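In case you want the letters, here they are:
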Amino acid sequence: MSNNAEIQENALQRAGIPLPKFLKKNHYFGFLGILLVYLLAGTYSEYSQTIMNTIIFAIIGASLIVVFGMAGQLTLGHTIFVAAGVFLSANITTVWSRGLETEIPIAFGVAFLLGLLIGFPSLRVNELYLALATFAVAFVGVQVLFEWKQFSGGGSGKPVGKLELFGYEFSRGPTLVRIALVLMLITFWIVGNYQDGRTGRAWNALRTSETAARAAGLPVAWLKILCFAIGGGLAAIGGVLYAHTLRFAIPENYGVSLSIIVVLALIIGGKHRLMGAVLGAAFVKWLPELSRDVQEYEGLIYGGTLIILTLIAPDGLVGMFEWLGDRIKNAIPSNKDEIVGSTSVSASALPLESTFLAPLSSSEPKGNLIVRDAAVAFGGVKAVDGVSFEIPAGGVTGLIGSNGAGKTTLFNAITGHVKGATGQFILDGTEISQKPIHTRALAGVGRTFQNLNLHDDLNVLEHALLGLDRNIGYGRIAESFRLPWVLREERKAHYLAAELLDHMDLLEYWDEKVEDLPYGLQKRVDVVRALAANPSILLLDEPAAGLPTAEALEMMKKVQEYATHISAGVLIIEHNVELVADVSDRILVLDAGKTIADGTPEEVTRNEQVIAAYLGT
Amino acid sequence: MKSKLWKLLAIFAVLGLVAAGCGDDDDSSSSSASESSSSESSSSESSSSEDSSSESAEEECELARGVTDDKILFGSSQPMTGNLAALGEQAVLAMEVTRDRINEGGGINGRMIEFIVQDDAYNPEKTVSNAQYFIEQENVFAIWASIGSATLKAALPLHDESNTPSLFPWAQDLSFYDVNNHPLFFSVNPPAYAQTKGFGNYLVDNFGTDGVKVGLMTINSVDGEQTVQGYKDSTGGDLLVDEQTWERDSTTYGPQILSFIDSGVTDVYVGTGDTQFAQFLLEADQLGLEARFWGSTGTISANTIELAGELSEGAYGVNVISSATGDKPGLNAYREAMFAAGAEEAQISTASLLAYTGGLVLEEMLTLAGECLTVESFVAAGETIKDFDTGGIMRPLNFSAENHLGNNDVIILQVQDGAWEELVVGQE
Amino acid sequence: MVDYIQIAWQGLVSGFAYALIGLALVMVYKTARILNFAAGTMAGISGFLAHWWAAEQDIPFGLAILFALIMTGAGTYVVERLTVRPLVKLGDFLPIVIMTLGVEEFLANVSLLWWGGTARRYRVPGDIDRINWLIGDFRLNAWHLVVAITTFVTLSIVGYIINQTELGLGMKAFAEDQDAAKLMGIKESTVSIWTWVLSALVGGVTGIVFAPVLFLQQDYMNIIFIKGFVAAILGGFLSLSGGVAGGLLLGELEAFTIKWAPREFAAALPVVIVFIVLLIRPHGLFTREKGHERV
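Residue numbers (the working numbering), protein chains in the order written: chain A, 1 to 617; chain B, 618 to 1045; chain C, 1046 to 1340.
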């Protein structure tokens, strides 16, 4: 075991990839920051209300990062979770006479379940419409609170009881601030663990390209519901603190305007970083505090600042600071060596005894795909009209045809990316017809896309890690607390991803954001993402399009090598017939949705029908 | 290895901090202990100075927070923005009038009155934050003239814990008046409960019960339920046939009015503000609801008549204070001062009159408390006030150790010839 | 029976407000993909301006409205040039939404400083807003008729502009495909600015015509804005007529649910129904789903 660990660590170090750790630099800075406020809480006790509000809204902001920043679900109903926390707290402290040790777990639990419920609309509606759906939830939620008089005290509200922990009572003021800081530390740590873990990657993937996320086998529907549940639970913790600050819970406070403020704060601060949650909360709470002397003009100041901020810091305050930081870093001459990927991890070091990928030497060829009577119709047009063929396992098959012949649509029918496809699809003996995209992906279907569908904001390494997701062996609870085996699995995954990148000559770009890469490299990243999932059959959609022939050939060679290594079959759509003929064992030709040829490259290129329809003289 | 060292350091730091944090608890509790001992000593001193009242106090007098030899500082949290902004403006104007009157008369015992206003936009979170600002940063003596039950309810614990009087708000929640729970609360504004009870009784007394059907429209908030309960507990309680609520963000009361028409009500109690009441009258006319309309305290202003025009004629009002446009010495003085300070017609209203009247009592309390102004002497002074004359704005006010609500009057008014006229003062 | 007609008419009148604001919102969204959070406050300021010209500057009623609308349009022109234009290049719609929130706060404060918190009555010639006609058992308020006519006229004018003018063509082109429209030589900045101005004028008309109904007070158009937003989404944010239809539908929904639903659910029911509609038709009632996603 430790032998493997050492190999992995050394390899990653040589590649210049930081090892997954329990705590990173950011953690230390964050901890120091919180420490500072903790120590100063007594000195600035007259600001304790504003400080408390900032901490609470930072916690709510962090919970919103889960839903909105990572998973990209625009929610205007987030404060329903805060309200849940507030009223649960009020009831638990007065009716049950219990303290924080009861309030926090129950608030989290109830809000979690509530979030599972509230997450459902996100499966049906997107973006702006989701905003309205969640708005509706918040609105109705407040009405329910009003009417549920036993729980909420109706319009009159309910008082909140004492602040205590396991029977030990605390006074409010600086002590409450300190307790809040500890809770903030914990919630931030948990959210940070998701950001650094597979669930965070999965959420980011579904935000940037849901299509590709499904194709990578990620359970998109469950991930969406989960983000509401987890985000909701964390927001409820903020609610518990809010209850103790306000000491009185009134339903009318938790309506839509509060939801808007919470989203606004996060966008202002920067919705992808925890620091953004802090900055956003600070902005929203301290601007009024600092402008008390000129309160008459607070709207002008607040509104004006918002306008200016959006003009100069569209990525939020965090983005602005990062930009400044980058400028400073670039200005300072650095003696960091160019990351050289070519030396360190060579293809020959592929661990044939890897515990991760299936033992390769003895593996059976995979990728036997049987298609029977596949048909797809768009309105009256039959894009795919009764196509049947069989691809042997482990082989490379080409699929050619003129534009509009139905090649990509056939792909989409196989992967599940088009609705209304009929016919039978069987992969290595398993029937995958009518199954959802991610189920087919998990059954072994891998693909690339004509328009790439890469994930903006994620770097190259993360794309590879996405593909590996299904084999990463830790659950979401372990991930929240970054338990020891999480680190082990992350390190293993990083190592394997690095190997794959190295094989595809992408290792030196591991840290680049994909939107910054040239087109050719982007195409390779698309392939890497698909390969990392260890597919049984890899469907490549015009992998050479837009590339100069030499580069295309080089990439195809690598793909073939790796596919052989994992014994997968390959089905490739291409217009470059020479290329296809070069790499394929067999070629299928489509025309107007039907197959017109199916044989070896020599046979097909000499087929008269094919020449007439496609190849020309 | 290095990373393990960092982890250890971090753990030790956390433990150390938790210990330090617990340690600070003792500090804060000891400081509050010293606060209470100092207030004890000042109250014993004030009682001894009362014994030797005519002689100048030889003992030191520890003045209350917010009080210096030449100044008394108050804080006031008002809705200065949002849809209740009008009320905040009116209250502040009345407070300015009070302050100027007192200061131009030389102040009280040589001390000038000053107050700071902070906006809370009717949001309890801000009211609480403002309270902390007033008490801990600005060190005010008392919080004066707050608006709203929901907002005050949130801030009251903070006021009480920091020994800060809460004075003469426009807030009507029953819990405020319990002197045992809130010994520093003083008001001249009876609870919403009492108002509808008085209305219910008046209705039966003057219109009987034959064929009388009553509808209530109240807001779904802190006072709303108490308002309904007050009516149900009156002699007319059984006449209630239709209960409706309204939201702060309603744009129309059409549906409620149509329901009242269906129920055949003869009398409708409208628990809203003046703008909403005017709109209600308009829409009732449009939809053909024929009934007697009874507006709550907030509806009784000159602006109601201005906005509703002729439709306001004959409308009734249930107030806790005389009509601001009435003709009585106290009211005339109030209006004179308000106009001199630049008030518009529309700002002659319950909100400003209530704050003004509270200001009259405040002035009396401060004067009676004497040179050595402490929270104790102030509260004690207030409790001695009997038969306080407000020039007719309210019936003579009476306070005591068990009762910090000087006025329990319900006044019934009606719009006659374009002005609010009193029908009955002191309806029970 | 007449009772239902009465309720339906009441709902329709509210619906006109929602429909007009919904139209204003959809107009800007379709062309520029921006949700204008300042629309409510802007509409309110138009109302205040009309009153200011008439009551304080002694300008005749109709002329005062004209001046108010001109000022609204001019103000919007300036705001768009200064704030929206620079952000549009970024492509991400979120900052722009925040920016409109900032404009809203700013304008609300200006309005408060200028006019204060007190509600004012917007007087109309002959006080016809206080005249109610009796038609059998049906009661018709004269001003409501004016509202209906105004709505109809406004919709017709907007419809004409969209369908019969070059500007309208440009707006439609941009709504379909921004890049293609630009490639066709349609100047984006021109289309954008006039879309905003038109939207602001529609909002302004709404603010003015509803001023006698709601009284001129701080934030008086805010709730209309929120309901207009809901209505626009109900109709599907990408269809102008959908936005209008959504508004009318929402007005009717509100009127009838409060009549029949038990008191506890009355406020929530319209929203719940909108929510359910969205679940069934995720892109709104009147928008066709945009083809298939190209993979």
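Rather than coming from a laboratory, the hints here were simulated on the basis of the structure. Values in this document were obtained by computation on a predicted structure and should not be read as measured data. Mixed in with the good hints, there may be bad ones.
Claimed, not checked - So these bits of chain B aren't anywhere near chain A, every CB distance computed over 10 Å: (1) 682; (2) 735; (3) 748; (4) 750; (5) 754; (6) 775; (7) 843; (8) 985; (9) 1043.
As the list claims (entries may be wrong) - Short derived list, chain A residues pointing at chain C, Cβ under 10 Å: (10) 109; (11) 113; (12) 267; (13) 301; (14) 313; (15) 316; (16) 575; (17) 578; (18) 579.
For glycine and all other residues, C-beta sits at the position ideal for the given N, C-alpha and C.
Taking the hints in turn, this is what the structure says about them:
The Cβ of residue 682 (chain B) sits about 13 Å from the closest Cβ of chain A, beyond the 10 Å cut-off, so the non-interface label holds. Against chain A, the non-interface label of residue 735 (chain B) is violated: not every CB pair exceeds 10 Å, the least being about 6 Å. Listed as outside the interface, residue 748 (chain B) is inconsistent with that label: its C-beta sits roughly 8 Å from the nearest C-beta of chain A, within the 10 Å cut-off. Not every beta carbon of chain A lies more than 10 Å from that of residue 750 (chain B), the smallest distance being close to 7 Å; the non-interface claim is violated.
Listed as a non-interface residue, residue 754 (chain B) fails to keep its Cβ farther than 10 Å from every Cβ of chain A; the least gap is roughly 5 Å. With a minimum CB-CB distance of about 8 Å to chain A, residue 775 (chain B) fails to clear the 10 Å threshold, and the non-interface call is violated. Chain A draws residue 843 (chain B) into its interface by the beta-carbon criterion, the shortest separation being 8 Å against a cut-off of 10 Å. Every CB of chain A lies more than 10 Å from the CB of residue 985 (chain B), the least distance being 31 Å, so the non-interface label holds.
Even its closest Cβ contact with chain A, about 28 Å, leaves residue 1043 (chain B) beyond 10 Å, as expected for a residue assigned away from the interface. Because the closest C-beta pair between residue 109 (chain A) and chain C is about 25 Å apart, greater than 10 Å, the hint is violated. The criterion of a C-beta within 10 Å of any C-beta in chain C is not met by residue 113 (chain A), whose closest approach is roughly 19 Å, and the hint is violated. For residue 267 (chain A), the shortest C-beta to C-beta distance to chain C is roughly 6 Å, which falls under 10 Å, so the interface hint holds.
Nearest Cβ of chain C to the Cβ of residue 301 (chain A): about 8 Å, under the 10 Å cut. The hint holds. Interface hint status for residue 313 (chain A): upheld, as the beta-carbon distance to the closest one in chain C is roughly 8 Å, under 10 Å. Hint on residue 316 (chain A) holds. Least Cβ distance to chain C is approximately 9 Å, under the 10 Å limit. For the restraint placing residue 575 (chain A) at the interface with chain C, the shortest Cβ-Cβ distance is roughly 17 Å, beyond the 10 Å limit, so the hint is violated.
Contact between residue 578 (chain A) and chain C, as hinted, is not supported at the beta carbon level, the nearest pair being about 26 Å apart and thus beyond 10 Å. Checking residue 579 (chain A) against chain C by beta carbon gives a least distance of about 22 Å; that is not within 10 Å, so the hint is violated.
When each numbered hint is compared with the structure, violations occur for hints 2, 3, 4, 5, 6, 7, 10, 11, 16, 17 and 18.
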